[in-house]
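Protein chains in written order, with our numbering: chain A, 49 to 464; chain B, 32 to 402.
Honestly, I wouldn't trust all of these hints.
Unchecked claim - Below, simulated DSSO-like cross-link-like pairs (lysine-lysine); rule was C-alpha separation at most 27 Å, straight line: (1) K402/B with K100/A; (2) K57/A with K225/B; (3) K100/A with K232/B; (4) K55/A with K366/A; (5) K349/A with K232/B; (6) K310/A with K248/A; (7) K225/B with K101/A.
Stated by the list, open to error - Partial list, computed: chain A residues near chain B (C-beta under 7 Å): (8) K100; (9) S122; (10) T135; (11) N141; (12) T369.
In short, the hints are calculated from the structure, not lab data. Glycine included, every Cβ here is placed at the ideal spot set by N, Cα and C.
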Amino acid sequence: MSTDIKKFKSESPMSGVLRMDRMPHIWCPGCGIGSEVNAFAEAVKRSGIDPKKLVVVSGIGCTGRVAGYVDFDSIHTTHGRAIPVATGVKLANPELTVVVFSGEGDLTGIGGNHLIHAARRNMDLIVICNNNFTYGMTGGQVTPTTPSTAIASTTPYGNYEYPFSLPFLVDAAGGTYIARWTSMHARNVTQSIEEALQRKGFSFIEIISPCTTLYLRRNRLGDGVDMLQDYQEKTILKHGADTRETAIDFQGKIVIGKFVDKDKPTYLEAVDKCCIKLVGDDYQLYGKTIPEREAEAKAEKERVAARRAAVLATEEKKAVTKVSAKIPVKKAPAKVTKKAKPKTAIKAVAKKATAKTTVKAVAKKVAAKTTVKAVAKKAAAKTTVKAVAKKVAPKTSVKAVAKKATAKAPVKKTRK
Amino acid sequence: MDGDHALAEGALAAGCRFFAGYPITPSTETAERFAERAPEVGALFIQMEDELASIAALIGAAWAGQKCMTVTCGPGFSLMTENIGLAAMTETPLVIANVQRGGPSTGLPTLTAQQDMMQAKYGPHGDNAMIALCPDSPQECFDLTVEAFNLSEFYRVPVIILTDETVGHMHEKVVIPPADQIKVVPRNNYSGPKEDCRPYKFDSKGGHPMVRAGDGYNFHITGLVHNEMGYPVMTADQGKIVVTHLMEKINSNADDIIRLEEDQVEGADIVVVSYGITSRIAVKAIQDARKEGIKVGSLRLITIWPFCEKRISELSGKVKAFVVPEINYGQMVREVERCAHGRSEVISVNHCGGAVHDPEVILDAIRKANK
């Protein structure tokens, strides 16, 4: 057994991105954090950014342990303080890409003040928030996002508080990129993180995730697979949705998508703008003038683009071989999955409301790598969704077959 | 220049280029000075949303390669204590100035005190040794800030400057020497092979390099008990290794760290042990006592923590009494008592804060001790 683990560690496609010497991780079977970390690692690989220049900062809690498993410079901070620590890292060396990966209790409860202020400043950070509606590490207490009436260890008779809607909160505070997915939407999470890695400013990606051990068990919601099926049924894809309409009721609909993506000068750009007026062209930060820093950033951007192009080219090659191997199995030739842009996606989907769609999604997860193949086909009268999710992780083995057939649901897509 | 401004100038002279702070009387002038000076010296100032964020930002900035500082006073210092613990645990070099004001709680925001002496050492939960320095003048605010940075860089600890409202707002002449005459310990960043890179070395010594984010070493640091790789190892055995190192890297090097200023201590019957602004008040009482023929020495604590156990021990039994004036209900006097081993009398001259002592009160104590 020990040799197998060794082999797994050395051969895992995630070695070099995750600290394989620290595996197995602490997360429970069925927990969404593992998928999120995989999606994150995948995004980093695809983005082309220099992993040496990436810093991951976490707070405390189950998600707080992410920093300990990623093979980048990583800081595990105190409860709630991941964002200000990340702010210090970014401001002390603007060349670094800084990602905060933490839970909703950490980021919006004890650390809520830092979240809104980092968003207000448009601090150049990417905040990935695992929202599982509970404080997992301490045994399942109520959090600022626990839906009303849900049971937690400290709300044994049901939660009587009103929860935060995080996209609305961050939008109101000034965040410039806001997306929400569930841990089932691994591919979308990867895409969102990739986008965030390519842009400047405060990016907030919320990922709704099942806490099987505590939240699901206490609320009798089944296991991780049941919840993924639930996400399949209850999510409504709505890019550009008004963030005021993203609240989550207990076991209600979950609006997902990219809600906000706008340009605004970042904190450091605002500092530069002010200081160059004051000091003139000689203005330097840490010994570098603005043109010097801009030249460096431009050169780095080109290197990133080149690396990204190389990664995508290799992936395309792989994808072509895989698709050609699989397609003959299908009865009819598959139509290309619709790749609508965020804005047009809603319209495109709305138009299709009368038409009937069949979506077959096969999600397969082996160890740490995610491959998602989606084939969308237009059919006659109804919408059918078939999803097969398979996951093989060092500690867990989850097999799921989720089937669903609804008549009306007009919006049902596996990817934008 | 006043003491608060001198703190900011000392930081800049020591190579500090990152300052995160939150306004709080009577320390705000330091942040204001740094904010004003930052653009011209290529530094960055950020006013954070609170003191929790300020100290957290310093930890991030320190690991990203900058020397950094914040300033606060009692209430803000209380908020910072958790992450002072994190800085101690992760062996992060940074400097915090506490311009003390009267407490407890909001207390006396605009009036002086020396009430946070014990908090500086015992504020954070758990065991970790601290270094704290106590300037008695604006000039020392400058000098000791440079010294604080040097100590924090070498021992990789948060260093606390315990000044007070009176020194902070006192205007005096401050001489800032040319840069090449200021002894500055530069940041020591690891640059060896990746496989040998360890963020920590648990050998109870200072002088270990930092690892800088972005240099490709993929370091991990955590507030959990950890091994030299920085990875969590949550066992009692590892806890012993880490805590022993954190304590002993300061305690066993106390002789190198501690700075005292002595005046006629040898052969004295009475020794006045004082620090900060109180030592300057005590000068008048000591002079008056000497005029009365009393053999009084002065021992001024420039380094508060680690405490000068050895020196007090040496003097105990040789002197009749230690007189300890301080602007609190009696804090450092307990340390003096502990180290006097009952061989000399120890007299506390306490003051509840809001003002400095009347020298006459200290003189009375000296007279009483000499009887």
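The hints, checked one at a time:
Taken as a hint, the K402/B and K100/A pair is broken in the structure, with Cα atoms around 70 Å apart against an allowance of 27 Å. For the given pair, K57/A sits about 19 Å from K225/B by alpha-carbon distance, which is consistent with the 27 Å threshold. The straight-line distance between the Cα atoms of K100/A and K232/B is roughly 23 Å, inside the 27 Å bound, and the hint therefore holds. Straight-line distance between C-alpha atoms of K55/A and K366/A comes to about 23 Å, which keeps the hinted pair within the 27 Å bound.
Distance hint between K349/A and K232/B is unfulfilled; the C-alpha atoms sit about 37 Å from each other, more than 27 Å. A C-alpha spacing of about 10 Å is found between K310/A and K248/A, which places the hinted pair at or below 27 Å, so the restraint holds. A distance of roughly 15 Å separates the Cα atoms of K225/B and K101/A; the hinted pair therefore holds under the 27 Å criterion. At its closest, the beta carbon of K100/A sits 4 Å from a beta carbon of chain B; the interface hint therefore holds under the 7 Å criterion.
Hint status for S122/A: holds, given a least beta-carbon distance of 5 Å to chain B, under 7 Å. Checking T135/A against chain B: minimum C-beta separation of about 5 Å stays under 7 Å; hint holds. For the restraint placing N141/A at the interface with chain B, the shortest Cβ-Cβ distance is roughly 4 Å, inside the 7 Å limit, so the hint holds. Taking 7 Å as the C-beta cut-off, the interface hint given for T369/A is violated, the closest approach to chain B being about 33 Å.
The structure fails hints 1, 5 and 12 (numbered hints given earlier, in ascending order).
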